[in-house]
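**Student:** Make a model of the complete structure from these sequences and hints.
Chains as they are written, first to last, in this note's numbering: chain Y, 4 to 526; chain S, 239 to 787.
Misleading hints may appear alongside valid ones.
[To be verified] Cβ-Cβ distance ranges computed for the label pairs, FRET-style: (1) Y/177 - S/774: 31 to 39 Å; (2) Y/232 - S/453: 41 to 49 Å; (3) S/781 - Y/22: 32 to 40 Å; (4) Y/465 - S/597: 17 to 25 Å; (5) S/656 - Y/177: 29 to 37 Å; (6) S/457 - Y/29: 56 to 64 Å; (7) S/781 - Y/512: 38 to 46 Å; (8) Y/254 - S/491: 44 to 52 Å; (9) Y/29 - S/295: 39 to 47 Å; (10) S/759 - Y/453: 35 to 43 Å; (11) Y/516 - S/759: 57 to 65 Å; (12) Y/512 - S/771: 55 to 63 Å; (13) S/759 - Y/29: 46 to 54 Å.
[To be verified] What the simulated footprint calls covered on chain S by chain Y, stretch by stretch (three residues with Cβ under 8 Å from a Cβ of chain Y suffice, anywhere in the stretch; the number is not a length): (14) 341-355; (15) 688-694; (16) 698-706; (17) 720-728; (18) 736-744.
None of these hints come from the bench; they were simulated from the model.
Here the structure is a predicted model, which is why all the values come from computation and not from measurement.
Virtual Cβ for every residue (Gly too), placed ideally from N, Cα, C.
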Amino acid sequence: MSFPLLTATAALPAVGAIATAAVPAARRTAAKWLALVVSLATLVLAAVIGFRFEPGGARYQFTESHAWIRDFGVRYELGVDGIAVALVALTALLIPFVILAGWHDADPLETGSRRWRPTQGFFALILAVEAMVIISFEAMDVFVFYIFFEAMLIPMYFLIGGFGDRAHEHGEEAASTQRSYAAVKFLLYNLVGGLIMLAAVIGLYVQAGTFSLPEIVQARANGSLHMATGTERWLFLGFFFAFAVKAPLWPLHTWLPNAMGEATAPVAVLITAVVDKVGTFAMLRFCLQLFPEASKWATPVILVLALISIVYGALLAVGQRDIKRLVAYASISHFGFIILGIFAMTSQGQSGATLYMVNHGISTAALMLVAGFLISRRGSRLIADYGGVQKVAPVLAGTFLIGSLATLSLPGLAPFVSEFLVLVGTFVRHPAIGIIATFGIVLAALYTLVLYQRTMTGPVKPQVAEMPDLRVRELLVVAPLIVLLIFLGVYPKPVADIVNPAVKQTMSDVHQTDPKPEVEAVK
Amino acid sequence: MSTAAVHSLWTTAADPISRIQAPKIEYGQLSPTLIVIGAALVGVLIEAFVPRASRYYAQVFVSVVALAAAFAAVVALAADGYGTTKAHIAAMGAIAVDGPSLFLQGTILLAGLLGVFTFAERRLDPAAHGNRVDSFAAQAASVPGSESEKAAMKAGFTTTEAFPLLLFAVGGMLVFPSANDLLTLFVALEVFSLPLYLLCALARRKRLMSQEAAVKYFLLGAFASAFTLFGIAMLYGYAGSVSYARIAQVVEGTVTNVDPALANTMGNDVLLLIGAAMIAMGLLFKVAAVPFHMWTPDVYQGAPTPVTGFMAAATKVAAFGALLRLLYVVLPGLRWDWRPVMWAVAIVTMLGGAIVAITQTDIKRMLAYSSIAHAGFILAGVIATTRDGVSSVLFYLAAYSFVTIGAFAVVTLVRDAGGEATHLSKWAGLGRRSPLVAAVFAVFLLAFAGIPLTSGFAGKFAVFKAAAEGGATPLVVIGVISSAIAAFFYVRVIVLMFFSEPRPEGPTVAVPSPLTMTAIGVGVAVTLALGVAPQYFLDLASQAGVFVR
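**Tutor:** Structure follows, in C-alpha cells:
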C-alpha cells in the first residue's frame, strides 16, 4: 500500500490543531509558531500532490479506501481529480497567510481566568477548519463529505463568534453582541442547509444503496440505477440548497456580510476564500455528477439566481460604508460568476469557474488582509474614517490597489482569465445572460475604485496621519499573494492543465458537449 | 416450555392444587435482575443495621459491585449466545431473554452505574456542620424549613436510602423491556416507577419544588399506570391471555379455540383497539412523548439533578424497550392501525419538544424539552417496523443515555450560593472562567444537536435511515426540520457560555470528586467514540435487533 498522501494532508492540520490547543497557556508564541509550521508542512504535502498528479491519468488519483461504518454503507474513500487538487492547493496555500496575518488577533484580553487560552484556541480552530475543508475536497464518499461539510461549521462558528476586531465604533459590549449574532446566523443558515441535505443524503442511500460517488455515477451511467424524475429532482434540490447556502447564492446569502463584517480579517478570508469554496466545489462534484438530469432541469432557474447574485451583490457593494461588508458583497457577486460558470454547462464555463474559485481565493485574501491591516491601524471599519492613506503609507496603499484591481478583474491579473472564460462559456450557450453578467464587471470597477479613491487618495485625515506603513510580517503576507496574482494572470497554464481534464469528465457525466459556434454562424 | 403456560396458570386456578406444576425458573438467565434486586434488599438491611457513619460507604460499595456484577452477567449471557441463537422465553413465559433485552439491560446497567457515581458525589455542596453532604435531603421526612430539618442537618444525616431506591428502580427497568406478558410488564412498571417518585422528592436544596415535582410525577404516573392496567384487562378480555405470544396469535387470527368463559369478549376488536391504545398511552407517558409529556419539565427541574440525569437516561431506555416489544411482538398484526397514530405522535413530539424548548430559560427545563424532542426522533425509528428500525433505536438509546447523564452531571457542577445555578443567564461567560467544563458541555450540546462526529449524529442518522427505508420519508423531513429548530437553542447555550461576558456575581464551577469526573469523562468518551467509530456498537445493536416471539 502506498503512502496515504490525501489522509496525511488532512490529518496533519488536524493533529496540529490538537497539539496547538494543548500548548500551555503562557507559551502563546510557541502555539503560533507551531500552527504556522504545521500549515507550511501541509502546504508542502499539497504541493507534492499537485506535482505528482498526472492530468492525463486516471480520473481520481491517490485513492484510498477503507471500511468505516459498514451499517451505513459508508467507506472512507478519498481521491482527487484536477478540480480537487486545485482547491486543496488553494486551501493549503492560504492558511499560512491567514495564520501570519492573524498573528496578534487573538492575544488575550484582560478578562478570563488563567486557564483561558484564546490564542491557542484561535490557531487550533484555524487548523481544524483547514483539515475539514481539505478532507471534504478529497472525499469520494457522499457520507464522508457530508460529515466534514457539517462539522466544519463548529470551529468556524467559534472563530466568528469568539474573535473580533479590537476597536469597534460602538464599544466592546455592542461588538460582542453583534459578533455572536453574526456567528449564530452563520451557523443556523448553514445548519439548516446541511440538515436538509441530510434528508437528501439518506434519500440517496435509499435509492442507491451506497454512498460511493464513483459507484453511483457508474451505476447511473450504465442504467443499473434508475431514479424516478421526481425523486432525482427532490434529491438534487436537497443537495443544492445546502451548497447554495454555503456558496452563498442569492437569496440565501444574507449571513455572509454579517459573518465577514464581524469576524477578523483573516477569519473573513477563511470564510470566503476557503470554506465557501466547498459549496461551489460540491455543486460541481456532487450536484452535476449525481443528478445530471435534474441539474439540467434546474439550470435556467440557477442561472437567473446567479445573475441576480452578480448584479445585486455588486450594487450593494457600491452602497456599503463598511470596508469588510463591501468585500463581502463583492464576494457574493463573484460567487454568482462561479455558479454561472458551473451551470453554463460548457467546458470554458466550468474551467473558468474552477479557476475562478482559485483566483477569487487569492485576490480576496490579498484585498481583505490588507484591508484588515488598515482597519487594525485606525480602529474603524468605516470607509468615511479614512482618506489620503497613500501619502502616509504608500506600500499599504499600493498593495491595496493591486488587491482592488484583482477584484475588478484587470487584465494581467489572475481573476481576469477566469472571469473571461466564464463569460465566454456562458455567452456561447446563453448570450443574453452573458451580456447581463458583463455589467457585474462594470459595477466591480465602480465599487473597488471608489473604495480606493475614498480611503487612499484625497487630503490626509488627522487620525490617519500617524499611520505606520506595512511591517515585515504584513509584507510577508501580502507580497507572495500579489506575486501569485500576477503570475497566474500572465501564465495560468499550470492550473488550467490540471483542471481541464476533470472538467471534460464532469461535462461528459452530465451528457453535455460544447455548442459549435461555427454551425450557429452558418445558420 | 409452552407459551400458554401462564395462560393456564390464570384460567385453571379453580382446578385441584395437584394440577399446578412447580414453576421452572432459569435463574442463570435472570441473574442480572436477581443480582440488582438482591443488592437492593441488602441495601435496605444496611439502612437498618449498619451504623449511620458507615452507611454511605457500604451503600456505594454494594451498589457499584451489584451493578458491575449484573453488567458482567449480561455480557456473559450475550457471549453465550442468548442474544442471538439461544434467545428464548424464560421463567414460564414471563421474561424474554433475547437480543433487545440484553442490549437494553446492559445500557440500563451502565446508566445506573454512572448514576450511582453522580448520586455519591459529596464534594459539590459546602460541608454542613463539618459533614460532607450529597444532593439529597438530610432527612426526607422532616418538613422543609422546620426545626427537625435543622436538627437533622446539624446531626449530619444523609439520605443513603437513595442507593437502594436506585437499585430497585434499575431492577424494575431491567424487567420492563424484557417482560413477555402484560402482568410482568405492569409489575415492572410499578417497581421502577415508585422508587423514582420517591427519589424525585429527595432534593437537598429547593425542597418544596422537589416535593411538588414528586407529587406531580406520582399523580400523573399513577394515572398512566391505571390506564395501562385497564388496557391490560381489555386485552385479556380480547385474547383470553396476558401472554405476548398468545395475544399476537389471536390478533393474527391463528387461534380458533375460544375460551368458554370469555366467549362474549374474545376476538372483539373494540377491546383490542382500546386496550392497545391504553397500554401504549402508559408507555408513551414514560418515554415523555407529546401529548403525554406534561410532567417532564417540572419533574426534570424539581428532582435532584443526579436523579434527573439517571431518570432521563434509564427510564427512556427501559420504556422504549417495552414499547418496541409491545409493537413488534404483540401487535405486529395491528400495524396498519397503530402506525398512523404513532406517526402523528412522533411528529407532534419532535416539533413540540423542539419548539417549546426555545422559550426555556432554565437549563434543566431546556434539557427536559430536548429529551421530548429526542423521544420523537426515536419514535421515527420505532415506526420503521424493520430489523434496522429496532437496531437503530437500540443504538440511539445507548448513545443518548450517555450524553444525558454526562450533561446533567455537568449541570451539577455550576453552582452559586443557592445551590445549582440552573438559570441560563447565570451560565454567561462560563467558557472564560472554566474553559474545560464549558467545552465538555458544548460537546454534549453538539451531540444533542446531532452534529457529525458525535454519537448524536450517528444515532440520528441511523433512525432516519431506518425510517426512510421503511417508507416514512415525510417523517424524516419533519425530523430534519425539528433538528434545525432544536439546534437553535443548543447553540444559544454555547453562545452564552463562550461569547458573552461573564457576570461579576456569576456562579462558580465546583471541583468534583473522581466520581462525577468519571461519569462526565465516560460520557464524553462514549459520545466521541460512537461518533467517530460507531461500527462496533452498530454491529452489536444490529445483532441484537431480533425479538424472540
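**Student:** Against each hint, give a clear statement of whether it holds in the structure.
**Tutor:** Taking the hints in turn, this is what the structure says about them:
no., hint, result
1, Y/177 - S/774: 31 to 39 Å, "violated (50 Å)"
2, Y/232 - S/453: 41 to 49 Å, "violated (59 Å)"
3, S/781 - Y/22: 32 to 40 Å, "holds (39 Å)"
4, Y/465 - S/597: 17 to 25 Å, "violated (50 Å)"
5, S/656 - Y/177: 29 to 37 Å, "holds (32 Å)"
6, S/457 - Y/29: 56 to 64 Å, "holds (57 Å)"
7, S/781 - Y/512: 38 to 46 Å, "holds (39 Å)"
8, Y/254 - S/491: 44 to 52 Å, "violated (57 Å)"
9, Y/29 - S/295: 39 to 47 Å, "holds (41 Å)"
10, S/759 - Y/453: 35 to 43 Å, "violated (57 Å)"
11, Y/516 - S/759: 57 to 65 Å, "holds (59 Å)"
12, Y/512 - S/771: 55 to 63 Å, "violated (33 Å)"
13, S/759 - Y/29: 46 to 54 Å, "violated (26 Å)"
14, 341-355, "violated (count 0)"
15, 688-694, "holds (count 3)"
16, 698-706, "holds (count 5)"
17, 720-728, "holds (count 4)"
18, 736-744, "holds (count 5)"
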